[in-house]
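**Q** In case you want the letters, here they are:
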Amino acid sequence: MPDAWVSVSLTSLALLAGLVLLAASVNMFGLSKRWDPSLKHCFVTGGSSGAGLALAKLLAQNGAHVSIVARDQAKLNKALEELEAARQNPQQVFRAYSFSVNTEAGSAAAIEAASEPFDGRCPDAFFLCAGASRPGFFVEQTEESLRTGMEQTYYAQAFTALAASKTMVQQGVKGKIVFCSSILGYFSMVGYSTYSPGKFAIRGLAETLQSEFMLYGIDVHVAFPGTIYSPGYSEENRVKPKVTLKIEETDEGATPEVVAKIILDGVRSGKFHITVDFIGNVFRSSTAGSTERNSYALDWVHGLIGYIALPIWRNSVDSTVLKHREEHEAYLRERGLRS
Amino acid sequence: MFGFSKRWDPHLKHCFATGGSSGAGLAFAKLLAQNGAYVFIVSRDQAKLNKALEELEAARQNSQQVFRAYSFSVNTEAGSAAAIKAASKPFDGRCPDAFSLCAGASRPGFFVEQTEESLRTGMEQTYYAQAFTALVSPMRHRKPWSSKASRLKGKIVFCSSTLGYFSMVGHSTYSPEKFAIRGLAETLQSEFMLYGIEVHVAFPGTIYSPGYEEENRVKPKVTLKIEETDEGATPEVVAKIILDGVRSGKFHITVDFIGNVFRSSTAGSTERNSYALDWVHGLIGYIALPIWRNSVDSTVLKHREEHEVYLRERGLLS
Numbered sequence: 001m002p003d004a005w006v007s008v009s010l011t012s013l014a015l016l017a018g019l020v021l022l023a024a025s026v027n028m029f030g031l032s033k034r035w036d037p038s039l040k041h042c043f044v045t046g047g048s049s050g051a052g053l054a055l056a057k058l059l060a061q062n063g064a065h066v067s068i069v070a071r072d073q074a075k076l077n078k079a080l081e082e083l084e085a086a087r088q089n090p091q092q093v094f095r096a097y098s099f100s101v102n103t104e105a106g107s108a109a110a111i112e113a114a115s116e117p118f119d120g121r122c123p124d125a126f127f128l129c130a131g132a133s134r135p136g137f138f139v140e141q142t143e144e145s146l147r148t149g150m151e152q153t154y155y156a157q158a159f160t161a162l163a164a165s166k167t168m169v170q171q172g173v174k175g176k177i178v179f180c181s182s183i184l185g186y187f188s189m190v191g192y193s194t195y196s197p198g199k200f201a202i203r204g205l206a207e208t209l210q211s212e213f214m215l216y217g218i219d220v221h222v223a224f225p226g227t228i229y230s231p232g233y234s235e236e237n238r239v240k241p242k243v244t245l246k247i248e249e250t251d252e253g254a255t256p257e258v259v260a261k262i263i264l265d266g267v268r269s270g271k272f273h274i275t276v277d278f279i280g281n282v283f284r285s286s287t288a289g290s291t292e293r294n295s296y297a298l299d300w301v302h303g304l305i306g307y308i309a310l311p312i313w314r315n316s317v318d319s320t321v322l323k324h325r326e327e328h329e330a331y332l333r334e335r336g337l338r339s
Numbered sequence: 001m002f003g004f005s006k007r008w009d010p011h012l013k014h015c016f017a018t019g020g021s022s023g024a025g026l027a028f029a030k031l032l033a034q035n036g037a038y039v040f041i042v043s044r045d046q047a048k049l050n051k052a053l054e055e056l057e058a059a060r061q062n063s064q065q066v067f068r069a070y071s072f073s074v075n076t077e078a079g080s081a082a083a084i085k086a087a088s089k090p091f092d093g094r095c096p097d098a099f100s101l102c103a104g105a106s107r108p109g110f111f112v113e114q115t116e117e118s119l120r121t122g123m124e125q126t127y128y129a130q131a132f133t134a135l136v137s138p139m140r141h142r143k144p145w146s147s148k149a150s151r152l153k154g155k156i157v158f159c160s161s162t163l164g165y166f167s168m169v170g171h172s173t174y175s176p177e178k179f180a181i182r183g184l185a186e187t188l189q190s191e192f193m194l195y196g197i198e199v200h201v202a203f204p205g206t207i208y209s210p211g212y213e214e215e216n217r218v219k220p221k222v223t224l225k226i227e228e229t230d231e232g233a234t235p236e237v238v239a240k241i242i243l244d245g246v247r248s249g250k251f252h253i254t255v256d257f258i259g260n261v262f263r264s265s266t267a268g269s270t271e272r273n274s275y276a277l278d279w280v281h282g283l284i285g286y287i288a289l290p291i292w293r294n295s296v297d298s299t300v301l302k303h304r305e306e307h308e309v310y311l312r313e314r315g316l317l318s
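Residue numbers (the working numbering), protein chains in the order written: chain A, 1 to 339; chain B, 1 to 318.
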């Protein structure tokens, strides 16, 4: 009799484990219904360069209609050519619009223009990649530069999200909004006072809307890439403080194409927070709180690694900053920032 | 871990408090006064400031202490600079030792009812009001770190919120700003090691203050429903816990068990106060927060029909 019980128990446990694995894999390996961009109308801000353009091209390769929005007409024209080169079928509609999206009015006008080829029906998915970074020491900032930082990181996406949601709700479109935060929306350090607050704010908005948009059947996603080897990155490094560059010297970045692919995969498999590499996964798992997770099992592993490794890394960051004090004193004196 | 390191003493320190005429800001200012500090409170409402000054006087410990109340709008660099200049005057221009930045307000609502203006107002009241004061609490005026005077550690205390650790329906004009405050605090905690200035950031939950009543008048019903089991705290209790945290050198300061769970579960690379305690709180969070979150999502989903009626009444559906 005991043998039978053992067999039954073991079999039940195995079945249970199997069911749990199956359930997990439904999430983990995307066996659940995946979102398909084919013939969906995708609206991409910041779509004329960097990760935004890479995402736009990837969507085009996957059969979507794509409307890209940015300010620079020349870049937009070139981007449109690259979209055409990715065309899969003659039905696809590709358009490029020059608008400034860091106001509600500008965003609304851009969305209205993009809806025209579709008899006024608004886009199905909004990829908000607009953003820029201009690092520097806090003591060298002004009200203006802090405000500009917020404009370039937060408002550049928040007002498009505002205009997009009002339109989607009004028309009953159960669409998607994809925000672009940054790994500097999970942590921060010296040099990022004009960038990190805005990227944290994007996470805050995404967290609010992920909850609130359950009222409308609109999905929310937010990406947290690290370094992306784009024109924006070269710009950023020209003004970045030396001590920040030093701390980042061992960072590995990724090309816009790699980042775009991972973001699109994440959107397709319904992930809320989308991270693009191991470090991103560690930060994501270690800062999740009550945020919806994709895999409780995987996050536990990443979180454990983070609990041990992140403080060690952080210590070395602090160390580098402290060693920089003398050089920084000289820097301040040169600029008359010391009395 | 048990606070045996040298504790910061407010006694005879020059403390500058924004949002200092009501709520937790005033309670904090009074507590500093009770601990022997010089206290300068700043807000916009002169009547509230006058009343607050009387309450500070009632907390006076010795005749040396200086209490002042100034009316300034701190959500611009110029306004913040003027306020600090005024506070530095009684001290021959030497700027305050500690900055408590409690300015902030919450006006919840559904995102689809917001406008560019209301989103910008939220950022002004809740983020810029603290960021610009921090900007002007100038290290520029402090002596170089190598000199003896700067061994006295300066302090900046930001006020975020548990809504800077998580968010949900109704808080799109408040939570981004509170997250942004955390982002700024995280940057400066690192960067101010260059100047010997310590950064703290508090994450209180519900505070039973005049501000809270204002907030609840406009809060969406579904948000009120989710929050109905929340326990809040009085401004005095919150102020005491924040001061204790500042005194014992904690970076993130949370005021209750829920706060501790959120803090431990979202820390990432943030400096922790106790790796042991945080492990326990984090483990509890790993199990309990998803369960809580599920019930929040459930409440939102159940609200869909009622919300549709609400939208139709306001002409937000075609």
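It should be emphasised that the hints constitute simulated quantities derived from the structure, not laboratory data. Be aware that a few hints might be false.
Below 30 Å or equal to it, Euclidean Cα-Cα: the simulated DSS-like pairs (lysine-lysine) are [stated by the list, open to error]:
1. A:323 to B:225
2. B:302 to A:40
3. B:302 to B:48
4. A:242 to B:153
5. B:221 to A:174
6. A:246 to B:153
7. A:174 to B:219
8. B:221 to A:33
9. A:240 to B:153
10. B:13 to B:89
11. B:153 to B:89
12. B:13 to B:48
Every value quoted in this text rests on a predicted model; they were computed, and no experiment measured them.
**Q** If you test the structure against every hint from before, which numbers come out violated?
**A** Hints 1, 3, 8 not satisfied by this model.
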